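J.: Chain by chain, the residues run as shown.
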Amino acid sequence: MRRYFGRKILIYLLTFFLAVTIDWLIPRFMPGNPVQNMLARVALHPEAAEALRSYFTKAFGLDVPLWQQYLNFWIALFHGDLGVSVYMFPTPVAEVLKRAVPYDLFLLIPSILLSWWAGNKFGAFAARSKWLDNTISPLSYILTATPYMWLGILLAWFFGIVLGWFPIAGAYSFSLRPSLTLAFIGSVFHHWFLPFASLFLVDFGGWAIGMRNMIIYELEADYSHYLAALGAPQKLIRKYAFNNAVLPQITGLALKLGVVVAGALVTEVVFSYPGIGYLLLAAIQNQDYFLIQGCFLFIIIGVLLANFLIDIAYVLVDPRTRRGMTGETA
Amino acid sequence: MNAPKKKNEALYFALRNKKLLAGFSIILVFLLLALVGPALTPNEPFDYANPLGPAAPSAQYWFGTTFFGEDVFSQFVYGLRATFIVGLIGGGLGTLLGMLIGFIAGYRGGMLDEILNAFTNIVLVIPTLAVLLIIAAYLEVRSIATECIFIGLTAWPWAARAIRAQTFSLRTRDFVDLARMSGVSSTKIIFQEIAPNMMSYLLLVFILQFGGAILSAATLDFIGLGPTNAISLGLMMQYAVLWGALQLGIWWWFVPPGLAITAIVGSLYIMNVGLDEVFNPKLREM
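Here the protein sequences line up with chains A and B, keeping their order. If you count the first sequence from 1, position 20 lands on 20 in the numbering used here, and the numbers rise without skipping. If you count the second sequence from 1, position 58 lands on 388 in the numbering used here, and the numbers rise without skipping.
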């Protein structure tokens with residue numbers, strides 16, 4: 001088990017290192033001169049421009065050798081210094097992101113966990129009969145092929161505009177101030193439901209297909225036939241098949257995380273939901289490069305942490321990794 | 331039923347596979363529309379064709395016009411072209427890189443495999459979109475071609491991993507040993523002995539890469555990092571949302587692009603299932 005975690009952590013550290021390096025490398029080595037363009041194109045009050053210019057000379061440290069620039073970048077990073085947001089001047093990028101992250105978690109965690117759980121249940125259910133398979137599977141394929149933002153747009157338009165059941169902008173009603181009142185909490189859930197539903201539905205399709213294919217494979221395995229030959233009830237065989245089929249689905253969750261996060265970003269744009277995705281759009285439109293880079297780092301860190309949590313879950317679920325017999329190869 | 335000849339076996343089953351045929355026909359319809367569509371409309375995608383602004387679909391504007399009076403049909407067909415280009419080049423590049431790394435790692439083994447595998451795992455963990463985002467943000471002029479290239483450069487890891495595993499299991503087969511003993515070079519073994527034996531698998535990988543590239547491009551376009559000098563289906567949806575098509579009820583602006591992406595990617599997935607049945611005799615009876 002130590003070996004398993006050691007390997008995993010090494011991969012994550014290397015990944016983090018690579019990501020930070022990319023974050024440092026790209027602004028410096030892209031064709032053209034982004035710093036110049038940034039300063040030339042950004043229209044802001046002179047005060048901000050001046051702060052930006054001095055930040056650039058400091059952050060990019062163009063007078064010191066490259067290796068020292070790289071080192072300084074890391075030092076700044078460990079001090080939590082991600083630069084100053086241009087779009088929300090003079091708030092530091094780290095502060096802007098810190099305010100957005102809770103909304104992302106509030107949207108992502110329930111949609112990921114519930115869609116995974118429901119997808120697995122329905123996928124296993126689909127494998128039971130031809131009729132179920134012929135209804136659940138095509139629906140799942142359509143859902144998983146749907147671009148996240150399009151489903152979001154359709155839901156927002158139909159339930160938000162045509163029927164008028166749900167609001168389609170913001171995280172809570174603009175007439176309320178954050179407080180622990182029933183009205184406020186109700187408003188938060190009212191605004192949360194549609195973005196959550198659109199993420200849930202697209203992810204659900206993918207998990208249902210994965211589980212359906214996996215469980216059919218498991219039901220054809222020798223141990224299933226053996227159990228059946230012994231006269232074990234069908235229910236028990238399905239239970240064993242499900243337990244075995246869930247393992248690749250956990251690995252699949254780790255692999256799909258990037259796609260799911262990307263989906264949440266665009267969904268937030270559709271619903272003007274104040275998470276990182278919404279910030280990102282604003283940052284891109286305002287050429288706020290520090291904010292873009294900050295979003296990049298936050299997404300990477302979030303995905304790495306989630307990966308690590310999934311690894312722990314895997315060890316808890318699969319006894320073989322605990323005894324060091326086999327392991328998911330990194 | 332006459333037993334089909336070995337050579338035409340795949341074709342024989344392919345022509346009888348409903349999923350494959352259905353998926354293929356849908357893709358073909360969209361491909362045709364992308365090819366001949368631009369000739370069917372006198373308007374360029376960004377022309378302000380309709381001076382009255384938004385208009386519902388009509389005989390003159392088949393898919394209606396946008397908030398600014400642009401012809402949605404024209405944007406749609408040019409966007410379809412972009413979609414197919416991204417799928418073909420982005421997905422193709424992803425597949426080629428995956429093959430290159432997967433073959434080398436799987437066939438060579440040893441230290442090289444360890445390094446390539448670790449590298450693959452690292453890139454696999456990084457969310458693709460995050461990397462695309464930061465690259466695209468610093469590109470001043472973005473074209474569909476650069477989008478394809480960057481999508482291809484970031485999409486290969488899972489393909490490399492899958493192809494490596496397949497190569498691994500093929501390389502210990504007798505016919506590969508025989509080739510090695512007769513002194514055939516590694517490159518030749520990979521391309522003449524190993525690759526042909528996993529052709530069907532490579533085709534499936536390419537189809538999934540094709541669909542993945544289309545979805546990546548749509549995400550990137552929608553968040554504001556799409557091509558700066560062209561139209562795409564993702565951009566259409568972004569413009570529609572940003573210019574209040576939802577609030578104004580201009581549904582003909584945002585329904586066609588998303589519908590086309592869903593139909594194309596969905597058909598690719600269905601084709602994949604069909605192809606799997608064609609190539610894998612065990613699945614045929616299902």
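For the record, the hints were derived by calculation from the structure and aren't laboratory data. Everything numeric in this text was worked out from a predicted model, so none of it was measured. A few of these clues could be false.
[Said to hold, decoys possible] To give an idea of the chain A side of the interface with chain B (calculated C-beta under 7 Å), a few residues:
id	residue
1	Ile11
2	Leu13
3	Thr21
4	Trp24
5	Leu25
6	Pro27
7	Leu139
8	Trp150
9	Ile161
10	Trp165
11	Ser175
12	Ile284
13	Ile299
14	Ile301
15	Leu305
16	Ala306
Glycine residues also receive a C-beta, built at the ideal position from the N, C-alpha and C atoms.
J.: Once the shortest beta carbon distance from Ile11 (chain A) to chain B is found, is it less than 7 Å?
T.: 5 Å, holds
J.: With a cut-off of 7 Å on the beta carbons, see whether Thr21 (chain A) makes it to chain B.
T.: Because about 11 Å separates Thr21 (chain A) from the closest Cβ in chain B, which is outside the 7 Å limit, the hint is violated.
J.: With a cut-off of 7 Å, does the beta carbon of Ile299 (chain A) approach a beta carbon of chain B closely enough for the hint to hold?
T.: At 5 Å from the nearest chain B Cβ, Ile299 (chain A) passes the 7 Å test, so the hint holds.
J.: With a cut-off of 7 Å on the beta carbons, see whether Trp24 (chain A) makes it to chain B.
T.: This interface hint is violated because 11 Å lies over the 7 Å limit.
J.: Using the nearest Cβ pair, does Ile161 (chain A) come within less than 7 Å of chain B?
T.: Result: holds, 6 Å to nearest chain B Cβ.
J.: With chain B as the partner, please determine if Trp165 (chain A) meets the hint condition of a C-beta pair closer than 7 Å.
T.: 14 Å, violated
J.: For the hint on Ile301 (chain A), does the least C-beta distance to chain B fall short of 7 Å?
T.: 10 Å, violated
J.: Just to be careful: measuring from the Cβ of Ile284 (chain A) to every Cβ in chain B, is the smallest value less than 7 Å?
T.: Holds - the Cβ of Ile284 (chain A) comes within 7 Å of chain B, reaching about 4 Å at its closest.
J.: Let's test the interface hint: is any C-beta of chain B closer than 7 Å to that of Leu139 (chain A)?
T.: 11 Å, violated
J.: Does Pro27 (chain A) pass the interface check with chain B, least Cβ-Cβ distance below 7 Å?
T.: 6 Å, holds
J.: Are Leu305 (chain A) and chain B close enough, Cβ to Cβ, to be under 7 Å, as the hint says?
T.: 11 Å, violated
J.: Verify the interface restraint on Trp150 (chain A): the C-beta must sit less than 7 Å from at least one C-beta of chain B.
T.: 3 Å, holds
Violated hints, listed in ascending order, are 2, 3, 4, 5, 7, 10, 11, 14, 15 and 16; each of the other numbered hints is respected by the structure.
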